[in-house]
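Colleague: Listed below, chain by chain, are the residues.
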Amino acid sequence: MRESMSACRNERLIKPWLDGELESGAASSVEAHMGTCALCRKTAADYREISERLSALALEPCPEPDTAAIFARAERDAGDEGRLVHTMKRVALLAASVLVVALGVLSMPSHSPASAEVSGDELIAVALSEPEPGPEEDF
Amino acid sequence: MRVEEDQDLVDRILAGDREAFRVLVEKHHERVFRLVRGIVGDWHRTEDVCQEVFVLVYRKLSSFRRDSKLSTWIYRVAVNAAIRARRRWAPRLPDPGTVHLREGNEDPNPSFEGEEVVKKLLAPLPAKLRAIVLLREEVGLGYDEIARVLGCSRGAVEQRLHRAMEALREIWKGRGGEP
Numbered sequence: 001m002r003e004s005m006s007a008c009r010n011e012r013l014i015k016p017w018l019d020g021e022l023e024s025g026a027a028s029s030v031e032a033h034m035g036t037c038a039l040c041r042k043t044a045a046d047y048r049e050i051s052e053r054l055s056a057l058a059l060e061p062c063p064e065p066d067t068a069a070i071f072a073r074a075e076r077d078a079g080d081e082g083r084l085v086h087t088m089k090r091v092a093l094l095a096a097s098v099l100v101v102a103l104g105v106l107s108m109p110s111h112s113p114a115s116a117e118v119s120g121d122e123l124i125a126v127a128l129s130e131p132e133p134g135p136e137e138d139f
Numbered sequence: 001m002r003v004e005e006d007q008d009l010v011d012r013i014l015a016g017d018r019e020a021f022r023v024l025v026e027k028h029h030e031r032v033f034r035l036v037r038g039i040v041g042d043w044h045r046t047e048d049v050c051q052e053v054f055v056l057v058y059r060k061l062s063s064f065r066r067d068s069k070l071s072t073w074i075y076r077v078a079v080n081a082a083i084r085a086r087r088r089w090a091p092r093l094p095d096p097g098t099v100h101l102r103e104g105n106e107d108p109n110p111s112f113e114g115e116e117v118v119k120k121l122l123a124p125l126p127a128k129l130r131a132i133v134l135l136r137e138e139v140g141l142g143y144d145e146i147a148r149v150l151g152c153s154r155g156a157v158e159q160r161l162h163r164a165m166e167a168l169r170e171i172w173k174g175r176g177g178e179p
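These protein sequence lines map, in sequence, to chains A and B. Under our numbering, the first sequence has 69 at position 69, and the numbering climbs by one with no breaks. Under our numbering, the second sequence has 28 at position 28, and the numbering climbs by one with no breaks.
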């Protein structure tokens, strides 16, 4: 069924034609084509039927808009957003503080193995050197 | 004239005039409701999404650039909100194939015919195709206006509308020409 329907290359013009969206020249061509093509006539009839069915939606009741509720919700949302922004600012401040502390720790002299070795040498040198004068012994 | 009226409403709302916003809501509510209803599917959730749409319109109005009609911008907000809502609620919505009237009279019931159209004809369509069909058939927009709402070319509108109509035709025929 679908294969035969798609056999006519004018099929794509049917909906724009029905909707009055074709320029007058193109619309006239489609109109003339409709007189000779049973497939396109059937497609057009189906599209009209579908449009009619869809129009049933317009018969449904539409509730009255509640503008007071809209204002209330807008204000509540604005409040929520304000609190969210405030919380995010606090989190950002906390993160920045942690970062500053972390950078401070990293910038301190590191205790790498090389520096530990130097420190060890220094200690040996200190041990072999003359004792520094200490406080006088109390005899 | 309508465009000027809308621009005037925007100016007044931005200046803090709540009455102007009430006028805007009343002017656009019904079309927005029908558009959202067709995309979301569930009549009762539609009310909530419509409220969300107008809350967004109210809060984001200052970002409306006035290079299109206000209604175009509102429909864009509505389509996006409805598609988002559909994604959010889809797993909890009833099977599109099952049509049932709500029990009891506690809520205003949609017409059975309208419910059938939504559940049987529109629900099987992808949300974006549903939106394009509704913008044309329910809201009554021309192809150029639909293109502006959806941010696509007129050619894309023609192509998608054709695809949507063919899909609807298949669905309709699959049901023996009903609803």
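Just so you know, these hints were derived from the structure itself, not from any lab. Treat the hints with caution; some may be incorrect.
With the C-beta cut set under 7 Å, the calculated list includes, among others, these residues of chain A facing chain B [said to hold, decoys possible]:
(1) PRO16
(2) THR36
(3) ILE50
(4) LEU57
(5) ALA68
No residue lacks a Cβ here, since even glycine has one placed at the ideal position from N, Cα and C.
Colleague: The hint names PRO16 (chain A) as touching chain B; please verify it with the least Cβ-Cβ distance against 7 Å.
Modeller: holds, 6 Å
Colleague: Is the interface hint for ILE50 (chain A) satisfied, with its Cβ closer than 7 Å to some Cβ of chain B?
Modeller: holds, 5 Å
Colleague: Hey, does the LEU57 (chain A) contact hint survive, CB to chain B under 7 Å?
Modeller: holds, 5 Å
Colleague: Under 7 Å, Cβ to Cβ, is where THR36 (chain A) needs to be relative to chain B, so tell me if that hint holds or is violated.
Modeller: Check failed: Cβ of THR36 (chain A) comes no nearer than 21 Å to chain B, outside 7 Å.
Colleague: So, as I understand it, the hint says ALA68 (chain A) touches chain B; can you test that by seeing if any CB pair is closer than 7 Å?
Modeller: violated, 9 Å
Comparing the model with each earlier hint shows violations of hints 2, 5; every other hint is respected.
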